[in-house]
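Now for the letters of each chain:
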Amino acid sequence: MKKTTLLALSALLFSAHPAAAQEAPDVLVKTVTLEVVDLITKDKEIKAGSRAKLVQVIEAKVLPHFNFTAMTALAMGQSWNKATPEQKKQLTEEFKTLLVRTYASALAAYSEQKFDFRPLRARPGDTDVTVNVRVMQPGAQPVTLDYSMEKTGSGWKVYDVMVGGVSLVANYRTEFANTVRNSGVDGLIRDLQKKNSAMEKK
Amino acid sequence: MKCPVTWLALAWLLALAGCATTGEERDPRDPFEGFNRGVYAFNETFDDYLAKPVATVYRKALHVEIRNRVSNFFGNIQDIFIGVNNVLQGKFEDGVNDWARFAFNTTWGLLGLHDIATDMGLEKHNEDFGQTFGRWGVPPGPYLILPFLGPSTVRDGTGTAVDWAVQPVGEVRPIELRNTLYGLYFVNTRSELLDATRILEEAALDKYLFTRDAYLQRRRSLIYDGQPPREKLESP
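Order-wise, the sequence lines are chains V and Z.
FYI, the numbering for the first sequence is 1 to 202, going by this note's numbering.
FYI, the numbering for the second sequence is 1001 to 1236, going by this note's numbering.
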């Protein structure tokens, strides 16, 4: 019984996204980035400074292509194993909110710049690739955006973004480890919630 | 002329040495964390009350096309020593590329206001003496927050001192013109970073730690020209 429901569910999922499963990772990054940048630069509410609308666009267009559980696990490092399934769920949810908001701000800031999508350097059978994008800047070297992506049953998923050589996920490691050491996993969940609600009010 | 700066630097180093106390759970990369946080707080105050407001007004007052010309102008001057550093690191082709950029942009690009070299396919690089020392095998040493300048390390701070000693804008006379150029350089640079600092504000739980880790990752990536030996994050 359970098995059939699962089967039916996965069939439903796959038929809903037939393209996502086959699309090459570099093509996916390019399509999604251009689509979102186009939306950002054309949408009147976003141009007027609506954060809610911006986050809404990111959630609809970008979020399905990220594996937030993997990102949270990587940022947590060893502490991930100390968390209960319920805590893992909460951590992932809060970290997702934080990352989506940061990503939305970054894209909005770069939306006026020219993007240079680099050809993918990978073998056909690879299941873990890095997609390179460069953002042109005046008077300085272009900023590199490197998306680390993994092939999953439901298409390619991003599990880290490197901005100018800085891994977003790795950058949270010290903060997360310090907080867990001082106030436990629940302390970290509380800190993330506090940060998110403070940003919500801004 | 350079005496007051030397004395300030000396006093700062002495204070630093005095603050190198032992405490709980120190990050080995940042033994002076207590002192660094003090300088960080000072820089934040300076930024909140002076640098950021001025940069914000500058960005609002000048059209993006004009600000881009300013960025190009200073970027062009920097290409000379970016080339020197590439040569010092044994990357002769890149060095020649940087000097060719300088030659084209200074002449046909009207004193560097227009970056025609990039359109010609001559790529812009990012090099400085700190990176050259790193390439030569000098370890970064302890993390340091420099007054006004922000995140650095002992190696990169030394590199910055060399960068400043050799850069040609210091030779510009009259002094008023040189000072105007310095002022423009700092305000323009801060204005370019307005978005980045806002994003940092949103992203970080502890801004000091987030900035530090980002800086150290960034420098490591730059030393290897964006291709550092991969430190794969192990899944727990």
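Simulated from the structure, these hints should not be mistaken for laboratory data.
Hints may contain errors.
As the list claims (entries may be wrong) - These stretches of chain Z come out as covered by chain V in the derived footprint (C-beta under 8 Å, 3 or more residues):
1. 1071-1084
2. 1194-1202
3. 1214-1223
Just so you know, even glycine gets a beta-carbon here, dropped at the ideal spot from N, CA and C.
Going down the list of hints, with the structure as the test:
Counting residues of the region 1071-1084 of chain Z whose C-beta lies closer than 8 Å to any C-beta of chain V gives 6; at least three are required, and the coverage claim holds. Only residues whose C-beta sits within less than 8 Å of a C-beta in chain V count toward coverage, and the region 1194-1202 of chain Z has 5 of them, enough to reach three; the restraint holds. With a cut-off of 8 Å between beta carbons, the region 1214-1223 of chain Z has 6 residues touching chain V; three or more are needed, and the interface restraint holds.
Of the hints listed earlier, there is not a single one the structure fails to meet.
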